[in-house]
Each structure stands twice: as structure tokens, then as C-alpha cells.
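Can you join these two chains into the complex? Each is in its own frame, and there are hints to help.
Chains as they are written, first to last, in the working numbering: chain A, 1 to 116; chain B, 1001 to 1112.
You may find that some hints are simply not true.
Quick list of in silico lysine-lysine cross-link-like pairs, DSS-like style, CA-CA up to 27 Å [what the hints assert, rightly or not]: (1) B:Lys1057 to B:Lys1042; (2) A:Lys57 to B:Lys1042; (3) B:Lys1068 to B:Lys1005; (4) B:Lys1005 to B:Lys1042; (5) B:Lys1111 to B:Lys1042; (6) B:Lys1005 to B:Lys1111; (7) A:Lys11 to A:Lys57; (8) A:Lys11 to B:Lys1042; (9) B:Lys1005 to A:Lys57.
Keep in mind the hints are simulated off the structure, nothing from the lab.
Owing to the predicted nature of the structure, the values given are computational and were not obtained by experimental measurement.
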Amino acid sequence: GAGVSQSPSNKVTEKGKDVELRCDPISGHTALYWYRQSLGQGLEFLIYFQGNSAPDKSGLPSDRFSAERTGGSVSTLTIQRTQQEDSAVYLCASSSSGTLSTDTQYFGPGTRLTVL
Amino acid sequence: QQQVKQSPQSLIVQKGGISIINCAYENTAFDYFPWYQQFPGKGPALLIAIRPDVSEKKEGRFTISFNKSAKQFSLHIMDSQPGDSATYFCAARSGNTGKLIFGQGTTLQVKP
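The following block holds chain B by itself, in its conformation from the complex (with noise of 0.2 Å):
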């Protein structure tokens, strides 16, 4: 009950498209999931992060889209550039612990 399953494990895009990520969760005590970029030999970054009570949140060129009966959430990467080019992780939390669990990461290329 406190996995979350990530998809794709790597994702290879030219720059200009769309990069796709999705994840499911099984715990309905989630309250919290944000998505962390993780560049080599560095510590992974906040990138993005929504409620369930939301269906839909956008900043710039990333956007997660929210399917609270499915239990399911999406990052989408518009516009992908060769500099988004790292390990994109979401992750899930409820409000009574402090743990982030998190899926098992994305390796998204983005090709010149």
C-alpha cells in the first residue's frame, strides 16, 4: 500500500516534444505529490507539486495532471529541451508523516 509505481523507466524525446511520465499510487492517505529532478551527482529538486483536491497544475513548461479515482498522476513536459535531460522521480506523502515515498524514477534524453 505505500508503493508508488513510476512509468516510463526511460524515456527518450526529440527537443520540441512531449515528455510523459506517470505514476500510481495505492494509498488513499496520500495527500501530497510532487515531482524531483535529479541531475548527476546531484541531490534531486523540487520541481512541481499538487493536491488531490486539484485536477491540474501548471508552471511554465511542466504540468501534472491528477486522476484522484484512478489514483493516478502525470508530469508533462512541453516544449522539452536538451537541459531537462535528468531523472525525474514523483513521490507521494500523507499528512500524518513526515516520509516522501517515491517511485522507482525516469531517465528522460531529450536529443538536439
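Chain A on its own, in the form it takes in the complex (with noise of 0.2 Å):
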């Protein structure tokens, strides 16, 4: 089936605008992640939903940063008030279970985020 699809693939932006970044996990997977991969770093853990439970928000920066999932399957990433540290990759991942230490982590292809 589909893999993990994210949009848009690319934004660039100005600085103090808000942005928001979709994605569409794996169907029928119940856990969703967010990380950023800045340039030439590793990639850095921002949050996580599982299922119904609360979020793993701890890797998330700054109060700038939130993100939902509606529904259980779409997540949007909002970014409020750029700032230039934001520029990243952000990526998107979805997993079967999440509760599993094994389980599978499927990335999508990320969005490039630029701000002017």
C-alpha cells in the first residue's frame, strides 16, 4: 500500500509567519512521529501519538511548535512566529503498534522548511 505521504514537499517562508506541515501516516497505523533533520545533524525526536493516549510532547523546542491528529490517521505540525533555526527537514513517521520497542518506524519523505 501507500507509504507515509507529507506536504508540502517544500515551504519556504518569512520569518514571524506561522506554518503548518501535513502528515498522512500508513493506514491502519495507530502511531504517528515527528522529528527534524537539520542540515548535516541526525534526526531529532519533536513528538508522538499513540493512539488515543496524551502525546509525547518532550522533544518539541519551544511553545512555538504544537501539533494534532485529527481522527487518529492526519497530523499537522504548526509552527508559529518562524524563526530562522527553524529551517530543517521535518519527517513524518508512522508505526503499526508504538507500545512495541521493535516495532517499525516508516518515514515519509519529509518537508524542507525555509525561512527567510
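What follows is the structure, encoded as C-alpha cells:
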């Protein structure tokens, strides 16, 4: 079936503007994750949704970042008042369960965000 | 305690050679160690993974070696091919959390 999809693939915005990034997980996957990949860096965990449980927001870098997951499927990551240091590739992943440590996370292609 | 340290940052290997990437961790609660492969413009994809109750796992040309006492693990790519040229990330995860903790990545170039 279809993999994880993300939109837009590229987003250029001006400093101070708000942006919304969308993630469509693999159908039937109950767990959804957001990561950030800065240039030349590893992936940094942002937030994790598992079923109807409260999300793990421990990786969000500031209160300008928020995310929601509607109907247990699509997720939106919102960055308010964007700053230049927010420029990165934002990756979404999903997994079938999220409750097992061996549960494979499948990544989307990412959204490249550039803040001018 | 949450860090996973990866080395080298970049690696150049001749076709047919062995590529070796190393990772070290601190958190003994980690119980799952995957390696991801990422090509430019794509998201990372799971390559191979290991649990700490085994010392080695092999899938084709890819092998993970795991040293629990040293808290280190490594990826070996045998008979490296130009198509293996990509960025490789090690990661770790503990059973009571969904998040993966990633290493900084290794950019591998296999020369023909």
C-alpha cells in the first residue's frame, strides 16, 4: 500500500510567519511521530502520538511548536512565528503499534522548511 | 543519557571493500537498535535492527555487531557497492517510549 506522505515537500516562509506541515500516515498505523533533521545533523525527536493516549511532547523545542492528530490519522505540525533556526527538514513516521520497542517506524519523504 | 554517538561522520570506501560505522550509547534501558539508510531527498528507511540479547545479526551484506558490556554497536557493509552510497543513522529505543534516539549520521561514499 501507500507509504507515509507529507505535504508540502518544500516550504519557504518569512521570519515571523506561521506554517503548517501535514502528514498522512500509513493506513491502519496507530502511532505517528515527528522528527526534525537539521543540515548535517541527525534526526531530533519532536512529538509522538499513540492511539488515543496523550501525546509525548517532550521533544518540542519551544511553545511555538504544536501538533495535532485528527481522527487518529492525519497529523499537522504547526510552527508559529517562525525563526531562521527553524529551517530544517521535518520528517513524519508511522508505525503499526508504537507500544513495542521493535515496532518499525516508516518515514515519509519530509518537508523542507526554509525560513528567510 | 539519551545520546547516541556515531562515528565516523563521513566514510569513503572502494567498491568491494568493507564499510564500518560505529555507535555508542549510555542509556541501559535501550532495548532496540535499528540502523536506517537515507538517500538524498528521501526519508530514512529501516535497513537492519538488533536487540541486545544477541551479539550479531546478518542480513545479506549487512551485519550488526553488538557489544552489550561496552554499550557499543556497529554496522558492517561487506562488498560495498556504489549503490550503498547514502547516509546511515544508528538509533536506539527503549520499550517504554515510542521515540527513537538517533546518532548524528555517517555519509558513506563507495567509489567505483
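Results for each hint:
| no. | hint | verdict |
| --- | --- | --- |
| 1 | B:Lys1057 to B:Lys1042 | holds (26 Å) |
| 2 | A:Lys57 to B:Lys1042 | holds (25 Å) |
| 3 | B:Lys1068 to B:Lys1005 | holds (15 Å) |
| 4 | B:Lys1005 to B:Lys1042 | holds (23 Å) |
| 5 | B:Lys1111 to B:Lys1042 | holds (21 Å) |
| 6 | B:Lys1005 to B:Lys1111 | holds (26 Å) |
| 7 | A:Lys11 to A:Lys57 | holds (23 Å) |
| 8 | A:Lys11 to B:Lys1042 | holds (16 Å) |
| 9 | B:Lys1005 to A:Lys57 | holds (23 Å) |
Every hint from the earlier list agrees with this structure, and none is contradicted.
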